[in-house]
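Participant: Protein chains in written order, with numbering that gives the first Met the number 0: chain Z, 0 to 571; chain P, 0 to 264; chain B, 0 to 333.
Be careful, since some hints might not be right.
Claimed, not checked - Computed footprint of chain P on chain B; a stretch qualifies when at least three of its residues, placed anywhere within it, have a C-beta under 8 angstroms from a C-beta of chain P: (1) 18-24; (2) 137-151; (3) 154-168; (4) 212-219; (5) 255-265; (6) 268-282.
Honestly, the hints are just simulated from the structure, not real lab data.
Please read all numbers here as calculations on a predicted model, not as lab measurements.
We treat Cβ as the ideally placed atom computed from N, Cα and C, and that holds for glycine.
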Amino acid sequence: MSNPMDGPSDDILVVRDLQVTYATRNGSVPAVRGISFSVPRGKIVAVVGESGSGKSTASQAFIRRLAEGGKIDSGSVEFAGRDLLALPERAMRSIRGAQIGFVPQDPSKSLNPLMRVGEQIAESLRLHKKLNRSAAAAEAIKILEEVGIQDADARARQYPHELSGGMRQRVLIGIAWACSPQLVIADEPTSALDVTVQRQVLDSMDELVRRHGTAVVLVTHDLAVAADRADFVVVMSEGQIVEQGTTLQVLTSPTHAYTKKLVESAPGLSSARLVPSVSTQESQPNTGSLFTGFQKQSDRLSGERATNILEVRNLVKTFTLQRSGGGSQVLRAVDDVSFSVPRGSTFSIVGESGSGKTTTARIAARIAGADAGSVFFDGDDITALKGEKLRQLRRRIQVVYQNPFGSLDPKMSIERIITEPLRAFRIGDRSHHGTVARELLEHVQLNPDLATRRPAELSGGQRQRVAIARALAIGPEMIVLDEPVSALDVSVQEQILQLLVDLQVEFGLSYLFISHDLGVIRQISDHVAVMRFGKILELGTASDILSNPQHAYTRELLEAIPGRSIALTPGT
Amino acid sequence: MRLLRQPGFVLSIIVIAVVIVASFAPSLLATHDPYGSVAADRFLPPSTEYLFGTDHLGRDVYSRVVHGTALSLLSAALAVVVGVVIGALIGLFSGFVGGRIDFVIMRFVDVLIAVPGVLLALIVVASLGFGPFSLALGVGLGAAGSFARVMRSQVLHIRNEEYVEAARTLGVRGPAILMNHVLPNAARPVIAMAALELGTAILAVSALTFLGFGAPPPAPEWGALVAAGRNFVSTNPTLSILPGVVILVVVLAVNRVARTIGGEK
Amino acid sequence: MSKLKPWVGYLLPKLGQFAFVILATYTLVFVLIHFLPGDPLVAALASKGGGDTVIDPAELEALRAQYGLDGNLWEQYFGHLVALVQGDLGTSIATGVPVIDMVARAFPHSLEIASLALLFGVVSAVIITFLAFAAPWPWLRQLLLQIPPFGIAMPAFLSGLLLISIFAFSLGWLPSAGVRAPGSAILPAITLALPVGAIFFQVFSAAVLEAMNSPYVFTAVAKGVTPRAIFLKHLLRNALLPSITILGLLIGYLAGGTAVVETVFSRDGIGRLTVSAVLARDINVIQGVVLLVGATYAAVNLIVDIAYGFIDPRTRLGTAKKTPAPVAEAGAAT
Numbered sequence: 000m001s002n003p004m005d006g007p008s009d010d011i012l013v014v015r016d017l018q019v020t021y022a023t024r025n026g027s028v029p030a031v032r033g034i035s036f037s038v039p040r041g042k043i044v045a046v047v048g049e050s051g052s053g054k055s056t057a058s059q060a061f062i063r064r065l066a067e068g069g070k071i072d073s074g075s076v077e078f079a080g081r082d083l084l085a086l087p088e089r090a091m092r093s094i095r096g097a098q099i100g101f102v103p104q105d106p107s108k109s110l111n112p113l114m115r116v117g118e119q120i121a122e123s124l125r126l127h128k129k130l131n132r133s134a135a136a137a138e139a140i141k142i143l144e145e146v147g148i149q150d151a152d153a154r155a156r157q158y159p160h161e162l163s164g165g166m167r168q169r170v171l172i173g174i175a176w177a178c179s180p181q182l183v184i185a186d187e188p189t190s191a192l193d194v195t196v197q198r199q200v201l202d203s204m205d206e207l208v209r210r211h212g213t214a215v216v217l218v219t220h221d222l223a224v225a226a227d228r229a230d231f232v233v234v235m236s237e238g239q240i241v242e243q244g245t246t247l248q249v250l251t252s253p254t255h256a257y258t259k260k261l262v263e264s265a266p267g268l269s270s271a272r273l274v275p276s277v278s279t280q281e282s283q284p285n286t287g288s289l290f291t292g293f294q295k296q297s298d299r300l301s302g303e304r305a306t307n308i309l310e311v312r313n314l315v316k317t318f319t320l321q322r323s324g325g326g327s328q329v330l331r332a333v334d335d336v337s338f339s340v341p342r343g344s345t346f347s348i349v350g351e352s353g354s355g356k357t358t359t360a361r362i363a364a365r366i367a368g369a370d371a372g373s374v375f376f377d378g379d380d381i382t383a384l385k386g387e388k389l390r391q392l393r394r395r396i397q398v399v400y401q402n403p404f405g406s407l408d409p410k411m412s413i414e415r416i417i418t419e420p421l422r423a424f425r426i427g428d429r430s431h432h433g434t435v436a437r438e439l440l441e442h443v444q445l446n447p448d449l450a451t452r453r454p455a456e457l458s459g460g461q462r463q464r465v466a467i468a469r470a471l472a473i474g475p476e477m478i479v480l481d482e483p484v485s486a487l488d489v490s491v492q493e494q495i496l497q498l499l500v501d502l503q504v505e506f507g508l509s510y511l512f513i514s515h516d517l518g519v520i521r522q523i524s525d526h527v528a529v530m531r532f533g534k535i536l537e538l539g540t541a542s543d544i545l546s547n548p549q550h551a552y553t554r555e556l557l558e559a560i561p562g563r564s565i566a567l568t569p570g571t
Numbered sequence: 000m001r002l003l004r005q006p007g008f009v010l011s012i013i014v015i016a017v018v019i020v021a022s023f024a025p026s027l028l029a030t031h032d033p034y035g036s037v038a039a040d041r042f043l044p045p046s047t048e049y050l051f052g053t054d055h056l057g058r059d060v061y062s063r064v065v066h067g068t069a070l071s072l073l074s075a076a077l078a079v080v081v082g083v084v085i086g087a088l089i090g091l092f093s094g095f096v097g098g099r100i101d102f103v104i105m106r107f108v109d110v111l112i113a114v115p116g117v118l119l120a121l122i123v124v125a126s127l128g129f130g131p132f133s134l135a136l137g138v139g140l141g142a143a144g145s146f147a148r149v150m151r152s153q154v155l156h157i158r159n160e161e162y163v164e165a166a167r168t169l170g171v172r173g174p175a176i177l178m179n180h181v182l183p184n185a186a187r188p189v190i191a192m193a194a195l196e197l198g199t200a201i202l203a204v205s206a207l208t209f210l211g212f213g214a215p216p217p218a219p220e221w222g223a224l225v226a227a228g229r230n231f232v233s234t235n236p237t238l239s240i241l242p243g244v245v246i247l248v249v250v251l252a253v254n255r256v257a258r259t260i261g262g263e264k
Numbered sequence: 000m001s002k003l004k005p006w007v008g009y010l011l012p013k014l015g016q017f018a019f020v021i022l023a024t025y026t027l028v029f030v031l032i033h034f035l036p037g038d039p040l041v042a043a044l045a046s047k048g049g050g051d052t053v054i055d056p057a058e059l060e061a062l063r064a065q066y067g068l069d070g071n072l073w074e075q076y077f078g079h080l081v082a083l084v085q086g087d088l089g090t091s092i093a094t095g096v097p098v099i100d101m102v103a104r105a106f107p108h109s110l111e112i113a114s115l116a117l118l119f120g121v122v123s124a125v126i127i128t129f130l131a132f133a134a135p136w137p138w139l140r141q142l143l144l145q146i147p148p149f150g151i152a153m154p155a156f157l158s159g160l161l162l163i164s165i166f167a168f169s170l171g172w173l174p175s176a177g178v179r180a181p182g183s184a185i186l187p188a189i190t191l192a193l194p195v196g197a198i199f200f201q202v203f204s205a206a207v208l209e210a211m212n213s214p215y216v217f218t219a220v221a222k223g224v225t226p227r228a229i230f231l232k233h234l235l236r237n238a239l240l241p242s243i244t245i246l247g248l249l250i251g252y253l254a255g256g257t258a259v260v261e262t263v264f265s266r267d268g269i270g271r272l273t274v275s276a277v278l279a280r281d282i283n284v285i286q287g288v289v290l291l292v293g294a295t296y297a298a299v300n301l302i303v304d305i306a307y308g309f310i311d312p313r314t315r316l317g318t319a320k321k322t323p324a325p326v327a328e329a330g331a332a333t
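When you get a sec, could you build the whole thing from the sequences and use the hints?
Facilitator: In C-alpha cells form, the structure reads like this:
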C-alpha cells in the first residue's frame with residue numbers, strides 16, 4: 000500500500016487523518032480518531048476490526064452519510080483527486096451510486112420491502128445513466144444475471160421478502176455495481192449469511208471486481224474473510240488504525256499486539272481443541288465448600304451411573320407454517336435425530352440456519368416438546384416429565400442462550416440474576432447468596448464488584464459470563480449451550496470458550512454445544528454431529544469429522560470456512 | 000438531574016404543583032368568593048382585580064376556575080383508576096392464561112375500543128344519571144379497553160422474552176416468574192399510559208361537563224364554566240376561552256410529564 | 000375452484016369479524032343499559048315530564064311494550080336483535096319517532112364534517128411530517144414536531160370557540176352555526192381535524208422517523224437518490240402502511256368528537272342527536288347511535304384490512320409460491 004502522503008498516484012481513495020465523533024447525551028464521543036490509508040485502483044482493501052472499532056462509521060463517512068448525531072470533525076477523503084468532504088451535497092449525490100457503490104450490512108432490511116427488486120436496481124440506472132424506464136428495467140435484469148441470480152427475468156418482478164438472504168445480498172451487490180463505479184464500499188456484506196452462502200456471495204463479488212476493475216473497501220470483523228479476499232489489510236481498534244499492509248504481511252507477521260491477538264483468536268484461521276488452563280485445575284479444592292449442589296468430580300465420573308449422560312432417540316418435531324394466503328405447509332424441523340453425549344465431554348451439533356440444531360437442543364433440554372422420540376438423562380427417560388419433577392430436573396441440566404442481551408432480566412442486579420436458581424430451590428439464605436454470587440463471579444473471571452450492577456452496564460462478553468455463572472449456581476451436571484459465543488467478538492469468543500473448557504474440567508460438566516461455526520466447534524468439541532434440514536448427516540469424533548469428513552455437505556461446510564487461502568502461522 | 004435542564008419539563012412540574020395546591024387548598028390561590036356575585040361588576044374584562052374577568056352574575060371567573068379544580072380533576076383521576084384497575088386486570092389475566100379464553104376476552108376488548116370512549120361514557124351517564132361519579136365510571140370504562148390491550152401485549156411480550164424462558168429453565172416457579180420478571184418489566188409502560196390517560200380523561204370529563212352531564216349548575220366545573228361563557232362568546236369571548244386555556248395548559252403539562260415517565264427524552 | 004378458494008378463505012374470517020363487532024357492540028350496550036342500576040324507561044319519562052311525574056303502573060307496562068322494553072332480559076335481547084337484523088332500531092322514547100329515521104336524518108351532516116376533518120387531518124399531518132423531514136434546521140424540525148402534542152391536549156370546545164370568535168365574529172368570513180349556510184362545515188371540520196390529525200401525525204411521523212433510520216433508506220441514499228424522491232418513493236408508502244391501520248380508531252374519535260363540535264357550532268348531526276338523547280335519557284336513540292358508530296368502525300376496519308392486503312406485497316395473495324420458505328433463510332449470525 001502506498002503512502003497517503005505521496006500526492007497524485009494510482010490511488011482511487013485516499014483518506015487522511017479522518018476524525019468522526021458522535022453527539023450523545025453525555026457529550027461527544029469519538030468514533031474514528033484520525034485514520035489515514037489509501038485504496039489503489041482495482042484492489043481490495045479490507046478494514047478489519049471488532050465491534051466498536053469504528054470501522055463501520057469510517058465506511059459511512061466515506062460517502063458522508065453517518066447515523067444521526069455523527070459528525071466528521073476533520074481530515075479529508077480524496078476520491079479520484081477530489082476531496083469528498085468539501086463537495087456540496089448535490090455533487091456528492093451524483094457520486095453516490097454512480098462512482099462509489101455501497102453494499103450494506105443487513106440484506107434482510109436493506110431493500111425497500113414495498114418495491115420490486117428490479118426497480119430498486121433500475122432506480123439507480125435511471126438516475127445516473129439517464130436510461131429510460133424500459134431500458135433501465137432491461138439493464139436491471141442483466142445486472143441480476145451478472146450477480147448470479149437465476150431466472151433473473153422473474154426475480155426482477157419479485158419483492159424482497161420473496162428472495163432468500165443470499166439472493167437479497169446479491170441484489171444489493173447488483174445495486175452497488177449497477178453504474179460500474181470505480182469504488183465499492185462493502186460494510187460487512189456477508190456477516191448475516193450462512194457460511195456456504197457467504198462463500199458464494201463473496202465469489203460473485205470477486206468476479207465483479209475482476210471484470211470491472213473495481214476497487215473495494217471491504218469492512219469485516221472476520222480476519223479470515225479478509226485473508227481470503229483482500230490485497231491489503233487495515234486493522235482498526237478503538238477508532239484508530241493499529242496496523243496496515245499487504246494481507247500476507249499483516250496476517251503472517253503481525254507486529255502490533257492487537258493484530259497478533261486477533262490473528263491468534265480467529266477461529267477460522269487455525270485452531271485446535273482448547274486445553275484447560277493449569278491455574279483453574281489447581282483451584283479445584285475450594286469448590287466443595289461453596290457449591291453444595293456439586294458432588295466430587297471423581298464421584299461423577301465413576302460409580303453406578305450411565306456412561307452417556309444424555310441420549311436422544313429418534314426425535315421428530317414438525318411445525319405447521321401458515322401461509323398468508325391460506326393453506327399451510329408442514330416443516331420437519333427435526334427429523335429422526337438420535338445421538339448420545341458421553342459424561343464429562345462436549346457433544347456439538349453444527350449446522351446452518353434452518354438445520355434444526357437449536358430445536359434439537361431445546362427438546363433435549365426439555366424446553367420444547369417432541370412429536371416423537373425419547374430423551375434419556377442419566378439413564379432415566381425424561382421425555383414426559385412434567386411439573387415438579389421437570390423442575391427438579393433443572394438442577395441437573397442448565398441452559399446458556401445465544402443472546403446475552405436477552406437472557407438476563409434488565410431490571411435485576413447481577414447478584415439477583417446469578418442467585419435466582421438458588422432462591423428457586425430454596426438453597427441457602429440471603430447472606431449465603433451474596434457470598435456465592437461473588438465466588439461464582441470469580442469463577443467466571445469477572446470482578447465480584449459487578450454483583451451490584453445491572454445487565455445494561457455490562458459488555459456482551461461479561462453478560463455471557465454472568466449467564467454461565469447463573470447456570471453453574473445450582474451445580475448442574477450438564478449444560479446446553481445454544482450458540483453461546485456467536486453474538487460476541489472473536490477475541491471475546493475465545494476467552495469464553497476457554498472458560499467453558501476450564502469449567503468443564505473443574506466441575507466435571509457435560510456440554511451439548513450448538514453452533515453454526517465450525518471454527519468454534521473445532522475448539523471445544525469431543526464429538527460432532529452435522530445437521531441439515533432436520534437430519535443428522537454425519538456423526539463422529541471431532542477429529543474424524545473435521546479432518547476426514549465423509550458427507551459431501553460436511554466437506555462443503557469445511558471448504559466454505561474462510562481463511563484457507565493463506566497458510567497461517569500465528570506469530571507468538 | 001438532566002430533566003431539570005429542560006424548560007418544558009420544569010414548566011409542566013410547576014403547573015402540576017399549582018394544580019395540586021388549587022385542588023386541596025383553593026382558598027390559597029383564589030382571590031374572590033367563587034359563588035359571590037357582585038351585581039355591579041358584571042361582564043368585566045380581565046384585570047388585576049379580576050384576573051379572568053367576571054361572568055353574567057358578576058362572579059370572579061378566576062376564583063371559580065380555582066375552586067373547580069378539585070371537582071374537575073376528581074372525576075378524571077377516578078376515571079384513570081377505574082380504567083387501570085379493570086383494564087390491567089383483564090389484560091394480565093388474558094395474557095397470562097392465553098389460548099381460547101384470551102381470544103374471546105380480547106375480541107370483547109376490541110369492541111370496548113371500537114365504541115368511542117365518549118359514547119361509552121354517555122351510555123353510562125344516561126343509565127346512571129348525571130354527576131361526577133357516573134362521568135368517572137363512564138370515562139374509565141372507555142379507557143379500560145386500551146389498558147387491557149397494552150397490559151396484555153406487555154405480558155405476552157415479556158412472556159416471550161428469553162429471560163423468562165431462562166428463568167423457567169432455571170427451575171423458577173410460575174408465580175415467582177410473574178412477580179419477579181413479568182410485573183416489574185410490564186409496570187413502566189402501564190404507568191406511563193395511566194399518566195397519559197389522565198390527560199385524556201381530563202379532556203373527556205371537561206367535554207362531558209361542557210355538554211351538561213356533570214354536577215348541577217352552581218358547581219364551577221371547568222367544562223361547565225366554558226359552557227356558561229359560551230352564551231356570551233360574541234361579546235365576551237374571554238369568559239369561555241380563558242377557562243378553556245386552563246384546561247389546555249393542564250393537559251399539556253400532564254402529557255409532558257407522562258411522556259417523560261414513558262421514557263421519551 | 001383453486002382460483003376461488005383462497006379468496007373465500009381470506010374474506011370469510013374478515014366478514015365474520017365485521018359481523019362480530021356489530022353483535023358485540025349491541026351486546027355491550029345492552030349489558031350496560033340493563034345491568035347498571037335504574038330503570039331506563041322511568042328515568043326517561045321523568046326527564047320528559049319534569050321532576051315528579053307520577054306514572055300509572057298499567058300505563059307504564061303499555062309504554063314498555065311500545066318501546067320494546069317489556070319481557071325478560073333474554074326476550075328483549077333477542078327481540079331487539081331480530082329487529083336490528085331487519086333494520087329496525089326501535090322508537091325514540093322522547094319523540095316517538097323511529098330511531099332509524101332520526102339517525103338517517105342526522106347522519107349526512109356528521110358524515111360531511113367527519114370526512115372533511117379526516118381529509119384535513121391526514122393531509123396536514125403528511126405535509127407537516129414532510130416539512131419536518133426536509134427541515135434544513137433542527138430547531139424547525141423540533142418546532143414542527145411540537146404541533147401534535149398541542150393538538151391532542153386541545154379541548155375541542157376551546158378550539159371551536161376560538162375559531163368562532165376569530166373567523167365568524169371578528170373577521171366575519173365564515174358562519175358560526177347551522178348546517179345550511181355555505182361554508183358552514185369548514186370551521187367544525189377544522190375543529191374536529193385537530194385531534195384527529197394530531198393522532199394520525201403521531202403514528203405517521205413515528206413511522207417515517209423509523210423508516211428514515213432504516214437500512215433501506217441508507218441504501219437509497221447510497222444510490223444517490225434525492226431527498227424528495229426518498230420521501231415520496233421510499234418513505235411515504237412504507238410509513239403510510241402501518242398508519243392506515245389506525246383509521247378505524249380515528250372513526251371513533253370523530254364520532255365522539257361530533258358530540259362537542261356539533262354542540263359548539265349548533266349543527267344538526269349524530270353528535271347533537273346523542274347529546275339531546277342523553278339529556279332526555281332516551282336509551283333507544285343512544286343505542287341506535289352507538290350501533291351505527293360501531294358498524295362504521297367495523298366497516299372501515301374491514302376496508303383497511305382488505306386494502307392492506309393489496310398494498311403490502313408481503314401479505315398479498317398468491318405470492319410466495321415458488322420461492323423458498325422464509326423460515327429457512329433467516330441469517331445464522333445475528
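Participant: Take the hints in turn and mark each one as holding or not.
Facilitator: Hint-by-hint comparison with the structure:
Counting residues of the stretch 18-24 of chain B whose beta-carbon sits less than 8 angstroms from any beta-carbon of chain P gives 4, enough to reach three: the coverage restraint holds. For the stretch 137-151 of chain B, the assignment as covered by chain P holds, since 3 residues bring a beta-carbon within under 8 angstroms of that chain's beta-carbons and 3 suffice. With a threshold of 8 angstroms between beta carbons, the proposed coverage of the stretch 154-168 of chain B by chain P holds, since 9 of its residues qualify and at least three are required. With 0 residues having a Cβ less than 8 angstroms from any Cβ of chain P, the stretch 212-219 of chain B misses the three-residue criterion, and the hint is violated.
Evaluation of the coverage hint for the stretch 255-265 of chain B: fulfilled, as 6 residues show C-beta separations to chain P shorter than 8 angstroms, against a requirement of three. Counting residues of the stretch 268-282 of chain B whose C-beta lies closer than 8 angstroms to any C-beta of chain P gives 8; at least three are required, and the coverage claim holds.
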